[in-house]
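Visitor: Here are the chains, one letter per residue:
Protein chains: 2
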Amino acid sequence: MSGEEGPAQQQEPEQVKKPDEPPPAEAAEAKPESSSSSPAAAEEEQPISYRALVLTGYGGYDKIKLQVKSMKKSQLKAGEVLVRVKACGLNFAELLGRQGLYDLLPAPPVTMGMEGSGVIEAVAEDVTDRKVGDRVIAMKRHGMWQEVAVVPANRTFPIPEAMSFEEAAALPINYMTAYMMLFEMANLRPGKSVLIHMAAGGVGIAATQLCQTVQDVTIFGTASASKHETISQGGVTHPIDYRTKDYVTEIRKINPKGVDIVLDPLGGADTQKGFGLLKPLGMLIVFGTANCVTGQKKNLLAMAKTWYNQLTLNTLKLMQTNKAIAGFHLGYITDEELFERTLVKLMELYQQGKIKPRIDSCYHFEEVTEAMKRMHDRQNIGKVILIPEPKKSEEKPQSNTEEAENVGENEAAVSDQKEEAAVEVEAEKD
Amino acid sequence: MSGEEGPAQQQEPEQVKKPDEPPPAEAAEAKPESSSSSPAAAEEEQPISYRALVLTGYGGYDKIKLQVKSMKKSQLKAGEVLVRVKACGLNFAELLGRQGLYDLLPAPPVTMGMEGSGVIEAVAEDVTDRKVGDRVIAMKRHGMWQEVAVVPANRTFPIPEAMSFEEAAALPINYMTAYMMLFEMANLRPGKSVLIHMAAGGVGIAATQLCQTVQDVTIFGTASASKHETISQGGVTHPIDYRTKDYVTEIRKINPKGVDIVLDPLGGADTQKGFGLLKPLGMLIVFGTANCVTGQKKNLLAMAKTWYNQLTLNTLKLMQTNKAIAGFHLGYITDEELFERTLVKLMELYQQGKIKPRIDSCYHFEEVTEAMKRMHDRQNIGKVILIPEPKKSEEKPQSNTEEAENVGENEAAVSDQKEEAAVEVEAEKD
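Top to bottom, those sequences are chains U and W. Residue numbering for the first sequence follows UniProt numbering, beginning at 1 and increasing consecutively. Residue numbering for the second sequence follows UniProt numbering, beginning at 1 and increasing consecutively.
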């Protein structure tokens, strides 16, 4: 059954290489084809074989292996659905996770990946609100980086026709994080000012777009100079090159009183700077510790420095300054209703044209090292996407700085991956 | 000139002893009389003699002395107005200040009092937006507890006709504090739940009323059992007797997930409990350290305990719990526009009948010890008001638990205060 889909799927990677364009018509057409495969599922329980990106131990890029696994649809438990994954999101959490710095990821071996999009290929008997063929966003704590994934139905969210699978995979974590921070924790209202670190990153771009849904919000965004044009066009009022300038000084020049909201994915000394920059009644939200990640492997010195500089506050200090400090981590949110409500809101904003995920680049599973390097080196502007579909041999790794080339279909492309692939025992399910 | 007003003013204390009733008609009529005194100001610079409550050193109730001072109107500087004070608010900050625990109060000797209401009696030449006879709220960092006060015009705020002087004196600090916490810092929205400590206190009652301007807000309020009926009528959904029950347990019984917002005037161990009670995305706002105040004088053990238990947080803890913690202290807010905007909003809510300060009791200046004791012992339900007007000898101290008795006028009443009064040298102005 998945074999039948092979060729159709393999055409997709080319289509998705131009992320900022609307999804090609074929993407929509592919949907009935995927769902038509479900009757085949009735044929007696052929195990589904699928590729998965598995973290095999903590360390460098080589610790993530492309493996082939298998499962049976009959393994679906109550409330679950099986999703044929078309695109996955790469997050900073995976860079941390690979180094053993992400608490929510179980010990290796473990399939990584927290978000993806695809088509529902089977549903458990009791699932009535999802059906085979539905195009959905899917979320898990881990395990989304595989060709098929078993997901609780209430962690799948239907997506609009107009939304490509790459956009859908780019949206949930970055936009939910930005949305909940700006509108649930902070109290973004007209006329406020916001400092967005890593403004060209996934959350940065989501936050920039969401800030613009509110009147008259001033956005300070840090990014290296080469990205300034892009983030300015995206809505950042004042781009700041944090590599050559002190952002505190730059912001004070423009807003002597500081800013109302700081979104801080960095941690350490930057949290202290951000706190200092807050206006009275302002709020700083720490949502990451990117400063911990320097090289490919765990860097004890960087960690020590980040933790040493971690802002520690007592309430007296907060009272004397009239400031608020918050922490945010989507991984620790377990309120299903909040997830649902936030995603519904985001879909509305998408339909209204107010938000649109920006895809930086798409990498096939076998190119996961390049994908991670791109994010680690802060080269991306927008989201880095992983495509489960095997790479065709002629394809080059592509990003939105390169032209996508359609080099035709070649089933033999899978050979690339064979060095790393290892057939594992049955049923990987968490 | 102030002598002319004497009798008129001395009639007022009786009128104001029934705080929950609409202001008597005479209060409004009193206004033209006060303002009519301004022509008299043109007569050659008679110094104005006035009574003031002065903190003479740190310690117990006896450190606050009623003194007689004098000033001249010609001392008004640019931007200032002279207010004939009709009523003043007593705040917990003054209890702290008397013990030397309030940073914003200058060292003794210093006239206390941060808020009051009255009638403008003179304006500096450059002041165009206030005029003699205006009924206003007036705010200062200190120095409001005197019969006449010099105040920057932009710290005076016109009050509606329907608002009594006692209501006006009760409003600014409590309601601005509650409003800014609930709507500027926290993000109170329909369906949320709020824990209000000391729900029968000034800020507690203000916060309860303001919560009810938002749909479907659940209010948990701590107060001793004798006050439950009153605060329930005021809008507290679940009154909790903190003296006999553990409020954490009680709240968890009703809302197992906790609450969205905690307003914490206590500090110390209660801050930790409140933080634990927060739902994800919730916010705790510390706005006081009432736990420091136990006896009449500074209690080093209580202070040490409060500070030892003071919540100290690092950002990692905040991230893992998705919580926010804030500090609020109106005294450190210096944004004039924010003051103005908030008071305008509060006046609107008052006019719409959505808020109404609850006056617990009114005490004359010479009864300041009783007033402070009442607050210290947590006997008050609502605001404790100080009246600059001398007490008539027949009057008994009165609170809203007693019937107000109009015992007529008696100028000789001032004798009560003479033991404490000391004529000071010229011009007390800060």
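The set of hints was computed from the structure by calculation and includes no laboratory data. The beta-carbon is built from N, C-alpha and C at its ideal position, and this holds for glycine as well. Among the hints, erroneous ones may be present.
Distance condition first, Cα-Cα at most 25 Å in a straight line; then the derived DSS-like pairs of lysine-lysine [said to hold, decoys possible]:
#1 U:317 <-> W:65
#2 U:317 <-> W:140
#3 W:279 <-> W:131
#4 W:257 <-> U:345
#5 W:279 <-> U:140
#6 W:257 <-> U:140
#7 W:257 <-> W:279
#8 W:72 <-> U:279
#9 W:140 <-> W:65
#10 U:72 <-> U:131
#11 W:279 <-> W:317
With beta-carbon atoms standing in for the labels, derived distance ranges [said to hold, decoys possible]:
#12 W:337 <-> U:352: 52 to 58 Å
#13 U:216 <-> W:237: 33 to 39 Å
#14 W:340 <-> U:216: 18 to 24 Å
#15 W:253 <-> U:44: 52 to 58 Å
#16 W:61 <-> U:332: 33 to 39 Å
#17 U:216 <-> W:252: 40 to 46 Å
#18 U:78 <-> W:378: 50 to 56 Å
#19 W:344 <-> U:352: 43 to 49 Å
#20 U:253 <-> W:341: 45 to 51 Å
#21 W:344 <-> U:233: 23 to 29 Å
Rough simulated footprint, nothing fancy, chain W against chain U, three-plus residues with beta-carbon under 8 Å [stated by the list, open to error]:
#22 315 to 321
#23 363 to 374
Visitor: Now tell me, hint by hint, if it's right for this structure.
Guide: Verification of the supplied hints:
1. U:317 <-> W:65: Violated - the C-alpha atoms of residue 65 of chain W and residue 317 of chain U are around 33 Å apart, more than 25 Å.
2. U:317 <-> W:140: holds (23 Å)
3. W:279 <-> W:131: violated (49 Å)
4. W:257 <-> U:345: holds (24 Å)
5. W:279 <-> U:140: Answer holds: residue 279 of chain W to residue 140 of chain U is near 22 Å, not above 25 Å.
6. W:257 <-> U:140: holds (23 Å)
7. W:257 <-> W:279: holds (6 Å)
8. W:72 <-> U:279: violated (39 Å)
9. W:140 <-> W:65: holds (20 Å)
10. U:72 <-> U:131: Within the cut-off at roughly 18 Å; holds.
11. W:279 <-> W:317: Within the cut-off at roughly 14 Å; holds.
12. W:337 <-> U:352: 52 to 58 Å: Once the Cβ atoms are compared, 32 Å apart, the range 52 to 58 Å for residue 352 of chain U and residue 337 of chain W is violated.
13. U:216 <-> W:237: 33 to 39 Å: For residue 237 of chain W against residue 216 of chain U, whose Cβ atoms are near 36 Å apart, the range 33 to 39 Å holds.
14. W:340 <-> U:216: 18 to 24 Å: This hint holds: roughly 19 Å between Cβ atoms.
15. W:253 <-> U:44: 52 to 58 Å: The hint (52 to 58 Å, Cβ to Cβ) holds, given that residue 253 of chain W and residue 44 of chain U are roughly 53 Å apart.
16. W:61 <-> U:332: 33 to 39 Å: Violated, since residue 61 of chain W and residue 332 of chain U (Cβ atoms, about 49 Å apart) do not stay within the stated range.
17. U:216 <-> W:252: 40 to 46 Å: holds (42 Å)
18. U:78 <-> W:378: 50 to 56 Å: Cβ of residue 78 of chain U to Cβ of residue 378 of chain W: about 54 Å, so the range 50 to 56 Å holds.
19. W:344 <-> U:352: 43 to 49 Å: violated (33 Å)
20. U:253 <-> W:341: 45 to 51 Å: violated (26 Å)
21. W:344 <-> U:233: 23 to 29 Å: Given range 23 to 29 Å: violated, Cβ gap about 39 Å.
22. 315 to 321: It holds: at least three residues are needed, and the region 315 to 321 of chain U offers 7 whose Cβ sits within less than 8 Å of chain W.
23. 363 to 374: Per the Cβ count (0), the hint is violated.
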